[in-house]
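2 protein chains.
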Amino acid sequence: GHLHNSEAFNYGVETWEAYKRGGLSKDLVEEQEKVQEADLLIFQFPLFWFSMPAILKGWMDRVLVQGFAYDLSKAYDGGLLQDKLSLFSFTTGGSKEKYAIRGDIRYLLWPMQHGIMHFCGVKVLEPHICYAPENVSEEKRKEMLTAWTQRLKTLWKEEPIDCSPEWYFK
Amino acid sequence: GHLHNSEAFNYGVETWEAYKRGGLSKDLVEEQEKVQEADLLIFQFPLFWFSMPAILKGWMDRVLVQGFAYDLSKAYDGGLLQDKLSLFSFTTGGSKEKYAIRGDIRYLLWPMQHGIMHFCGVKVLEPHICYAPENVSEEKRKEMLTAWTQRLKTLWKEEPIDCSPEWYFK
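The listed protein sequences correspond, in order, to chains A and B.
So for the first sequence, the working numbering puts the first residue at 1304; every next one is plus one.
So for the second sequence, the working numbering puts the first residue at 1304; every next one is plus one.
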């Protein structure tokens, strides 16, 4: 559709205005409907460069627009996607030991769990991390899948984690 | 080109093998040549969700492949892109005060500065952050540009920052 302000283009303002007038593209509206209907969002991905692959980051950038996921002074505990849970489930290239050295694993969770989900008011379950599946035995890989299957069965009984800095940076 | 292993597709292995046999697509080779020639990499972007916009994350994902930017046991201080400097220069939506509350600004720098640049052996200069340019006066915006112009003049005299966890999480 047309730009809200064609004099000075502002991506955030344009998506916000497009959301309000129902002018977002169809694929985004469909994704937002999925989010709206979901009680739990599970993000499954291979960790790329301490973060999500660009295509998943693009989903966050494009789908979680102002007006839909947060609003002026409606962020964090006041975010618009309350009463939803989220879970980051990912595989890594490096071993658990490597990510433990500097506390990297906790630090890299902060932007995703706190900066995105918590900002939108979504509660966060303990992340599910499979370390270096490509470097372990087939048996170990099967164990990883079994453990994930088991966890999924009782996921609804889990309590959200504390999303305060203390959890990440203690 | 053809896949190195068409039985079990592994994105990391495929890009690594493609790099070694000169089989990466032309746009990636051109970006790698720019990186190779550069003494200093400045990444300028608006902060989206505590991180780079997806398109810039995609640049990291696609350009910094194994064999080019790092290799087996050649990472961090042994990374392949040594003797280069980098600088993350970005604008934010929120005010400096908001990012200071939980130490967010330091925490979100970790994946980019440590997890990507330091991993590749690239040294990191102090980030350049313009807080909430859209919410300040035109005069203040001009001051921001002047300050950046001034900093660029003496950038070569700056010392890289300490990329240890202590710098981020003290």
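Source of the hints: derived by calculation from the structure; they are not laboratory data.
The model shown is predicted, which means the values in this text are computed figures rather than measured ones.
Heads up, a few of these hints could be off.
Since copy identity is lost for identical chains, a pair holds within one copy or between any two.
Claimed, not checked - Restricting the straight-line Cα-Cα distance to at most 20 Å, the calculated cross-link-like pairs of lysine to any residue (SDA-like) are:
| # | residue 1 | residue 2 |
| --- | --- | --- |
| 1 | 1323 | 1342 |
| 2 | 1443 | 1305 |
| 3 | 1323 | 1426 |
| 4 | 1399 | 1379 |
| 5 | 1401 | 1472 |
| 6 | 1323 | 1458 |
A quick look at each hint next to the structure:
Neither within a single protomer nor between protomers do residue 1323 and residue 1342 lie at most 20 Å apart by alpha-carbon distance, with minima of 23 Å and 45 Å respectively. In this assembly of identical chains, residue 1443 and residue 1305 lie within 20 Å of each other by CA distance neither inside one copy nor across copies; the values are 54 Å within and 30 Å between. Proximity of residue 1323 and residue 1426 under a CA criterion of 20 Å is satisfied in neither setting, with 25 Å inside one chain copy and 44 Å between copies. Taking the closest pair of Cα atoms, residue 1399 and residue 1379 come within 20 Å of each other only across two copies (17 Å); inside a single copy the shortest separation is 30 Å, beyond that limit.
In the homo-oligomer, the alpha carbons of residue 1401 and residue 1472 lie at most 20 Å apart both inside one protomer (17 Å) and across protomers (18 Å), since each shortest distance falls under that limit. Taking the shortest alpha-carbon separations for residue 1323 and residue 1458, neither the intra-copy value of 35 Å nor the inter-copy value of 44 Å comes in at or below 20 Å.
The structure fails to meet hints 1, 2, 3, 6 from the earlier list, while all remaining hints are met.
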